[in-house]
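Counting from 4, one number per residue, gives the positions in the sequence shown under the working numbering.
Any given hint might turn out to be false.
With a straight-line Cα cutoff of 30 Å, these simulated DSBU-like cross-link-like pairs (lysine-lysine) come out [what the hints assert, rightly or not]:
#1 K127 x K75
#2 K514 x K552
#3 K514 x K75
#4 K674 x K663
Simulated restraints on C-beta separations [as the list claims (entries may be wrong)]:
#5 T318 x F274: 49 to 59 Å
#6 E298 x G221: 23 to 33 Å
#7 A352 x G413: 24 to 34 Å
#8 K618 x E285: 50 to 60 Å
#9 P718 x K618: 29 to 39 Å
#10 R15 x D277: 44 to 54 Å
#11 A340 x G413: 28 to 38 Å
#12 S555 x H682: 46 to 56 Å
#13 S555 x D450: 22 to 32 Å
#14 P13 x S555: 49 to 59 Å
#15 K618 x K314: 36 to 46 Å
No wet-lab data here; the hints were simulated from the structure.
For every residue, glycine included, the Cβ atom is placed at its ideal position computed from N, Cα and C.
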Amino acid sequence: MSARSSGVGPPRLVAVLGPTNTGKTHLAVERMLGHASGMIGLPLRLLAREIYDRIVKLRGPSSVALITGEEKIVPARAQYFVCTVEAMPLSREVEFLAVDEIQLCADPERGHVFTHRLLHARGKYETMLLGAGTMAPLIRRLLPDAEIVTRERLSRLTYSGPKKLTRLPRRSAVVAFSADQVYAIAELIRRQRGGAAVVMGSLSPRTRNAQVALYQSGEVDFLVATDAIGMGLNMDVDHVAFAGLRKFDGKRTRFLHPQEIGQIAGRAGRFTRDGTFGVTGECEDMDADLIEAVEEHRFDAIAGAEWRNAKLDFTSLPNLIRSLAAPPSREGLKLSAEALDEKTLRAVAGEPEVIDRCVRDRQALIKLWDVCQTPDFRKTSGEEHIRLVREFFGWLTSRNRKVPEDWIAGQYRHLDRTDGEIDTLAARLASVRTLAYVANRPDWLADAAGWQGRTRLLEDRLSDTLHEKLMARFVDRRTSALMRALNVRSEMLAGVASDGAVTVEGQYVGKLLGVSFEPAQGSSVLEEKALRAAAVAAVGPEIAKRLGKLASEPDEAFTFTPDGVVHWHGEAAGAIAGGTPFAPKVRLYGELGPAPARERAARRLEAFLAAEAVKRLGVLRRLEAALSSGKVKGLARGVAYRLIEAGGVLDRDQVRVEAKALSQVERRGLKALGVRLGHFSLYLPALLKPQALAFAQGFAGRDWRPAPSSVSRLPDPPPPPVALAAFGLRAVGRHAVPVEALERLDDLLRAAPKQGQLSDQAREELGWSDSEARDILRALNFAPTTKPKDGEPMIWRRRNEKPRPQAVTPPPPNSPFAALAALKDQPAPTRRPRRRRKAKAVRA
4 MSARSSGVGP
14 PRLVAVLGPT
24 NTGKTHLAVE
34 RMLGHASGMI
44 GLPLRLLARE
54 IYDRIVKLRG
64 PSSVALITGE
74 EKIVPARAQY
84 FVCTVEAMPL
94 SREVEFLAVD
104 EIQLCADPER
114 GHVFTHRLLH
124 ARGKYETMLL
134 GAGTMAPLIR
144 RLLPDAEIVT
154 RERLSRLTYS
164 GPKKLTRLPR
174 RSAVVAFSAD
184 QVYAIAELIR
194 RQRGGAAVVM
204 GSLSPRTRNA
214 QVALYQSGEV
224 DFLVATDAIG
234 MGLNMDVDHV
244 AFAGLRKFDG
254 KRTRFLHPQE
264 IGQIAGRAGR
274 FTRDGTFGVT
284 GECEDMDADL
294 IEAVEEHRFD
304 AIAGAEWRNA
314 KLDFTSLPNL
324 IRSLAAPPSR
334 EGLKLSAEAL
344 DEKTLRAVAG
354 EPEVIDRCVR
364 DRQALIKLWD
374 VCQTPDFRKT
384 SGEEHIRLVR
394 EFFGWLTSRN
404 RKVPEDWIAG
414 QYRHLDRTDG
424 EIDTLAARLA
434 SVRTLAYVAN
444 RPDWLADAAG
454 WQGRTRLLED
464 RLSDTLHEKL
474 MARFVDRRTS
484 ALMRALNVRS
494 EMLAGVASDG
504 AVTVEGQYVG
514 KLLGVSFEPA
524 QGSSVLEEKA
534 LRAAAVAAVG
544 PEIAKRLGKL
554 ASEPDEAFTF
564 TPDGVVHWHG
574 EAAGAIAGGT
584 PFAPKVRLYG
594 ELGPAPARER
604 AARRLEAFLA
614 AEAVKRLGVL
624 RRLEAALSSG
634 KVKGLARGVA
644 YRLIEAGGVL
654 DRDQVRVEAK
664 ALSQVERRGL
674 KALGVRLGHF
684 SLYLPALLKP
694 QALAFAQGFA
704 GRDWRPAPSS
714 VSRLPDPPPP
724 PVALAAFGLR
734 AVGRHAVPVE
744 ALERLDDLLR
754 AAPKQGQLSD
764 QAREELGWSD
774 SEARDILRAL
784 NFAPTTKPKD
794 GEPMIWRRRN
804 EKPRPQAVTP
814 PPPNSPFAAL
824 AALKDQPAPT
834 RRPRRRRKAK
844 AVRA
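The task is simple: from the sequences and hints, build the whole structure.
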């Protein structure tokens, strides 16, 4: 029985405030486990997972639940609930409730959620608010009955000045504020100091834990991280080095607030071991006042908490929007700026279909607000997120009221691959988080439980692959250029002209073509790196916009050329990079833009190519389907398989025995599937049409192209049969010959006055020279039968082939030969059989 389970005494409301390394979260976990039930809200999914794993070790998995937007592990008899602050199930009554990092109630984006928990989330017997000391005045004003407990830091924190990256002490954490900076610093440290672990907020808990374990084990002595380490990540860090003091907060690049610097620097030192902080790289030095504030943990008090009305009016769509904008009625609260969910609601509120559904059905309006609260894990563009929310709302208010199985299955298939580099894998993980969020809404999917398991396994696979990529990354980049590019982005002026020209500080640095950026040539290496970093800032938003538009375009917006390039509105957007016509892989041109948006754009081009393949190569697809379904049986099955393997054109000699043994039923079956059994080749005539050939040539590679003439000399080694088939050719000896010309050859040899003759006129009709014709005939196993007379064409016959009987032309009816022919045609008279004499009887 818990200390308060008897119900004696009033509920306790306590705020435990102080700097980092004061054991606040540890205290909250201990207090929670002292009660029969409890709940703790944490600011990050990574931190929630860390606390969940800790409690599981103490109490077992059946006693602990984990609830985040993307992950729900809720045992039937769970006593303790570890959640992200947004996902806390406040309708559940628990004896103890805690909210960590309560100072985030001042955050412009998430602050209103923390303020709601501050004012309304309560445990039955005890509520604990954990955060920075700057919250004390505001808590006294908003919660006058709260008990405030101040905790002192267990160790000293001292500024140690600037240091070069190559001179940082062991067990250092370097903090940067973009993925590019993190990777650049990690690569530099890896080359010169043996390696570094990487921690970013975008990593999955599994990847992050693996990276932290890499550092904690001592395998590497350096950690490179974003400001995600500022919230609760407890590691053995002795020194924190800032690679910059400015960050992009989603709207603008700004200097870090002193409180943020203190939060991050406070990760240095553990328990009673002192820590140090400083700057590194090209980061400007800290001024004396800032250093003193961080060392003494003295920061300006938080003046007000972000607030948003939680009592929403669902009587109509306009009333809902008005209730969200209602001002607070208490001092110390300020109306929060529009968060993502409210922006999304306003964006879709003017659409006639949305208005119509919400007017007719109040539950549809409630569902609209629910759907608008879907997080934007992918962080690509606002338009794409709104489009996704609009689709969810349409599905969830339709007759089935479910997200279609086909949609989540299709998304899953696109993401279920572990190829690609770090950014690509991280982007896939972000997209998997969206699927996990949908799967963890039981009323959104018919098979929610099944998809929860599948998305969790996919996230684990991608997380493990990402960890391996992070460990194995060795890129020898120029150190000085990397460091110079760290902090120039906010200092240089860059722009994109209407014709795509990109200028930085008034200098032309490249051009934007479609979705790719072509840098100008001629700059030095150092200048090129620095200018490129600024150019990324200029073209990044435009490329992100173009990528989003490309991903949503219909097939009519794309074209394809035989060289394997896919064009979008006339601009080259990507090229075939492998795969098959029905499952192509596309390399998107360029390298800029958000990784998730780039991957979706590449998938869109792949979907266009796959649809084109069905249109242009449908006969091949039908043959494959008939083969896989078992419709094609017997000898025909092997013939069909060889034909598909060869790309739709097959030398008949390769299957001569099987082709000869085919039954009439098997022949008719193959013919019905579009297969022609020619004299020299088996092929699919539909694949020889210009549209089909032009498409197939894109997958044939660029190592070889046939000559413009009808016959091409083959290189050594020759191209594979599939590559030849893409041009309607097949190998005949050392030549590549059109398959239809070979069948025409058979017709011409049969129709010649003397069978087997190939006249000059017939040869010219085929477009062959005399030497080419001789080489081709010999390669087809023909040989001359006799030496021709002067001026007569040579007669050819296939080896081991009996001559076909010649058709006899009847003589003119009035000639003497006609009477002779008539006599020859008369049947010979039948001879009367001889009578046998009877044998005479012999007397005894």
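We went through each hint and held it up to the structure:
1. K127 x K75: holds, 24 Å
2. K514 x K552: Given pair K514, K552 holds - Cα atoms ~19 Å apart, limit 30 Å.
3. K514 x K75: Answer violated: K514 to K75 is near 47 Å, above 30 Å.
4. K674 x K663: Distance of about 15 Å is within 30 Å: holds.
5. T318 x F274: 49 to 59 Å: Given a distance of about 55 Å, which is inside 49 to 59 Å, the answer is holds.
6. E298 x G221: 23 to 33 Å: holds, 28 Å
7. A352 x G413: 24 to 34 Å: holds, 29 Å
8. K618 x E285: 50 to 60 Å: Once the Cβ atoms are compared, 55 Å apart, the range 50 to 60 Å for E285 and K618 holds.
9. P718 x K618: 29 to 39 Å: holds, 32 Å
10. R15 x D277: 44 to 54 Å: Check failed, 34 Å falls outside 44 to 54 Å.
11. A340 x G413: 28 to 38 Å: Holds - the Cβ-Cβ distance for A340 and G413, about 36 Å, lies within 28 to 38 Å.
12. S555 x H682: 46 to 56 Å: Since the Cβ atoms of S555 and H682 sit about 51 Å apart, the hinted range of 46 to 56 Å holds.
13. S555 x D450: 22 to 32 Å: holds, 27 Å
14. P13 x S555: 49 to 59 Å: holds, 57 Å
15. K618 x K314: 36 to 46 Å: Since K618 and K314 have Cβ atoms about 55 Å apart, the given range 36 to 46 Å is violated.
When each numbered hint is compared with the structure, violations occur for hints 3, 10 and 15.
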